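Trainee: The lines below spell out each chain.
There are 2 protein chains.
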Amino acid sequence: MTHPEDDPLYQGLKVNKGIAQPPSVNPYLKNRAKRRSYSVNEYVDGILDGNIPLLSQAVTLVESAKPEHQDMAQAIIEKCLPHSGNAIRVGITGVPGAGKSTSIDAFGMYLLELGHKLAVLAIDPSSERSKGSILGDKTRMEKLSMEQNAFIRPSPSAGSLGGVARKTRETIILCEAAGFNYVFVETVGVGQSETAVHSMVDFFLLIQLAGTGDELQGIKRGIMEMADGIVINKADGDNIEKAKMAKRQLKNALHLYPLPDSGWTPEVLTYSGYYKLNIGGVWDMVHRYIDFVKQNGFFEKKRNEQSKYWMYETINERLKNDFYRNPAIEKLMPRLENEVLSARKSSFVAAKEALDEYYTLKNKF
Amino acid sequence: MTHPEDDPLYQGLKVNKGIAQPPSVNPYLKNRAKRRSYSVNEYVDGILDGNIPLLSQAVTLVESAKPEHQDMAQAIIEKCLPHSGNAIRVGITGVPGAGKSTSIDAFGMYLLELGHKLAVLAIDPSSERSKGSILGDKTRMEKLSMEQNAFIRPSPSAGSLGGVARKTRETIILCEAAGFNYVFVETVGVGQSETAVHSMVDFFLLIQLAGTGDELQGIKRGIMEMADGIVINKADGDNIEKAKMAKRQLKNALHLYPLPDSGWTPEVLTYSGYYKLNIGGVWDMVHRYIDFVKQNGFFEKKRNEQSKYWMYETINERLKNDFYRNPAIEKLMPRLENEVLSARKSSFVAAKEALDEYYTLKNKF
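Listed in order, the protein sequences are those of chains A and B.
The numbering of the first sequence is the working numbering, which starts it at 768 and goes up by one.
The numbering of the second sequence is the working numbering, which starts it at 768 and goes up by one.
Don't read these hints as lab results, they were simulated from the structure.
Warning: the hint list may mix true and false statements.
Given that identical chains are not distinguished, each listed pair holds provided it fits within a single copy or across any two copies.
The calculated lysine to any residue pairs, modelled on SDA-like cross-linking and capped at a C-alpha distance of 25 Å, are [what the hints assert, rightly or not]:
| # | residue 1 | residue 2 |
| --- | --- | --- |
| 1 | K1043 | Y1076 |
| 2 | K1075 | S868 |
| 3 | K1069 | E1120 |
| 4 | K1119 | Q915 |
| 5 | K833 | N1093 |
| 6 | K1018 | D1123 |
| 7 | K1119 | L881 |
| 8 | K1129 | E835 |
| 9 | K1075 | D1028 |
| 10 | K1014 | G882 |
| 11 | K1069 | E1080 |
| 12 | K1112 | G930 |
| 13 | K1009 | L1021 |
| 14 | K1069 | K1112 |
| 15 | K910 | G1047 |
| 16 | K833 | E1097 |
| 17 | K1075 | L1108 |
| 18 | K884 | I1007 |
| 19 | K1112 | D838 |
| 20 | K1087 | T827 |
| 21 | K1129 | N1093 |
| 22 | K1119 | L1086 |
| 23 | K1087 | A832 |
| 24 | K1018 | R1102 |
| 25 | K1129 | M1100 |
| 26 | K1011 | N853 |
| 27 | K910 | G946 |
| 28 | K1061 | N1130 |
| 29 | K1119 | L815 |
For clarity, every value in this text was computed on a predicted model and none was experimentally measured.
So here's chain A without its partners, still in its complex pose (with noise of 0.2 Å):
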């Protein structure tokens, strides 16, 4: 059992404002951690009330994998959804090492101190496999983590990547209900994750290293052509030469790319998460990027044709739910596969099993 002040549900409950809640719980009561529940009306109205704790809650029953929270998800991101689309959403990338953590806090601050409102979110389906997500962990971003402006969520770490992009693409509609007028979604530059991300903001930022050569091998080609904008870090003391010639070789390899469909060609800056130089900078290319495809009416093709995706993934992610969580497909699966792993039954054929099971149940109704 953790200590109650570790808890970061309870550090909220503390800054709540929005719905009464007790000010302080004996810990050692059995009962403690049992939540209130909410009905989807005191959801919508605490996420529209900006309520982080009940946001947060939400966001749980998002990432949830029982069907009756993602009932009671699905109906509070309907009604979540005419009050979302209003942040400008931005993919963060870059190999390990470039110092996301870091530049995410300095950004974030940087927006902060507009008067902003900042929710960090992540997609990192490795995350299952390493038990724990290695991003939007609140302790990497030390200064934007005891902000109350800033809403930091580790990655969704249950399931597909499908899965994972998806639950964070419905995170972005309530964070904007709850009036979070910028959304980070942070990803690691060496799996496939870019590609969801992509499919769920409006501007793409690649970090990368000063450095020559070896440097821009860590980055996949295809992460580069989606960027937006490269952003290179630890542009400071000594580096800011080094800096400045991988910004000029970045450019060139840039222009041997198409210029994108929305017209804007990517831009590459030098800058220091750590000594915080030139974070304006960074975000007045982001700003000028915006401003450029809302006036080309990218900004809204884009987003929409974003929504199409989304559709179709929505739709294929329920199709599998359906199948999987069938409480009779859910006892069949684990003896098909170990019939598949031992080369007792070939995988067609298991497949047509389950899938003959699934339509002879699902028309016995």
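Let chain A serve as the given structure and place chain B on it in line with the hints.
Mentor: Relative to the frame of chain A, chain B by itself:
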């Protein structure tokens, strides 16, 4: 109308030894192109007999989107399954320009001269976009395409990567049942298709070019990690020294990766596809690997893991097919897509509408 001599199917008919076919048909008769319909058993018997035109037509059924073709394809696959699994399956990848076609031509001729039968398949998810696959195009493999013991099939072009990959995986079964004891699955080293290929082959071969640093950037890190062998092409003439240097560099780079689950240390070799230098060395490596993993049990283990993967892939594909090919859904989706694209409906509401329609229909029967 193409000249019958140019029609690969017609060419196949001439060499067909399994089932009696008219030796020649008048190309100007209207029903010339009308193929005879075969029963599942006729297909299976033909395939097991090594009848190439029937194999080719069965693969067309596998690739077809029509439900009646799909049903037939599944029945054929199920009957071919007990006769499959006996080939050495090799995934071959490399960036465009690495000389994949020339290499496959040389590798294939080498294996054919040893008395083997080779099927060359491909996975190219971009083929849908570009309306025509660049991979598996017969004309790229000059010598191999003239050989009776080589079956070359371009990438299936319709559908998602998952769908394309499943079709290729199913085609492997049919080819093996038809007596092909080597199967190549070719892909371009720039997409996400390598993971799919990796899930269906025993050995993953990466073709690289002689040269320094820059050339390595073209290949993604994840692909390097998948490779069981890296072979450096164009190690001929003035290029030999450069190739040797690349070999040293790649060996050093591979040292940074953890030993793969197979327990096999990936090897790096040089060769020349064009001048046919060290082709035998490449295949000695492949066979050394196969012996190694057959002895330590990894060969069987990997195949069974792949079967498990394909059980889930097959289920997921069928769930989607059942949905998207439902006539009511087929009619509904274009309207929903338009509403989402014009921002008149959110992705979630549209998805819900389609799913409700589908599950209501399902429960009606």
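Trainee: State for each hint whether it applies.
Mentor: Against the structure, the hints come out as follows:
no. : hint          : result
1   : K1043 / Y1076 : neither (37 Å within a copy, 47 Å between copies)
2   : K1075 / S868  : neither (32 Å within a copy, 37 Å between copies)
3   : K1069 / E1120 : between (41 Å within a copy, 23 Å between copies)
4   : K1119 / Q915  : neither (52 Å within a copy, 35 Å between copies)
5   : K833 / N1093  : within (12 Å within a copy, 28 Å between copies)
6   : K1018 / D1123 : neither (55 Å within a copy, 49 Å between copies)
7   : K1119 / L881  : neither (58 Å within a copy, 39 Å between copies)
8   : K1129 / E835  : both (20 Å within a copy, 22 Å between copies)
9   : K1075 / D1028 : within (17 Å within a copy, 40 Å between copies)
10  : K1014 / G882  : neither (31 Å within a copy, 55 Å between copies)
11  : K1069 / E1080 : within (16 Å within a copy, 30 Å between copies)
12  : K1112 / G930  : between (28 Å within a copy, 22 Å between copies)
13  : K1009 / L1021 : within (18 Å within a copy, 27 Å between copies)
14  : K1069 / K1112 : between (45 Å within a copy, 15 Å between copies)
15  : K910 / G1047  : within (17 Å within a copy, 61 Å between copies)
16  : K833 / E1097  : within (13 Å within a copy, 30 Å between copies)
17  : K1075 / L1108 : between (37 Å within a copy, 6 Å between copies)
18  : K884 / I1007  : neither (32 Å within a copy, 59 Å between copies)
19  : K1112 / D838  : between (36 Å within a copy, 20 Å between copies)
20  : K1087 / T827  : within (20 Å within a copy, 28 Å between copies)
21  : K1129 / N1093 : both (10 Å within a copy, 15 Å between copies)
22  : K1119 / L1086 : both (16 Å within a copy, 11 Å between copies)
23  : K1087 / A832  : both (12 Å within a copy, 21 Å between copies)
24  : K1018 / R1102 : neither (55 Å within a copy, 42 Å between copies)
25  : K1129 / M1100 : both (17 Å within a copy, 22 Å between copies)
26  : K1011 / N853  : neither (35 Å within a copy, 56 Å between copies)
27  : K910 / G946   : within (20 Å within a copy, 65 Å between copies)
28  : K1061 / N1130 : neither (48 Å within a copy, 45 Å between copies)
29  : K1119 / L815  : between (46 Å within a copy, 23 Å between copies)
This entry does not satisfy hints 1, 2, 4, 6, 7, 10, 18, 24, 26 and 28, going by the numbered hints stated previously.
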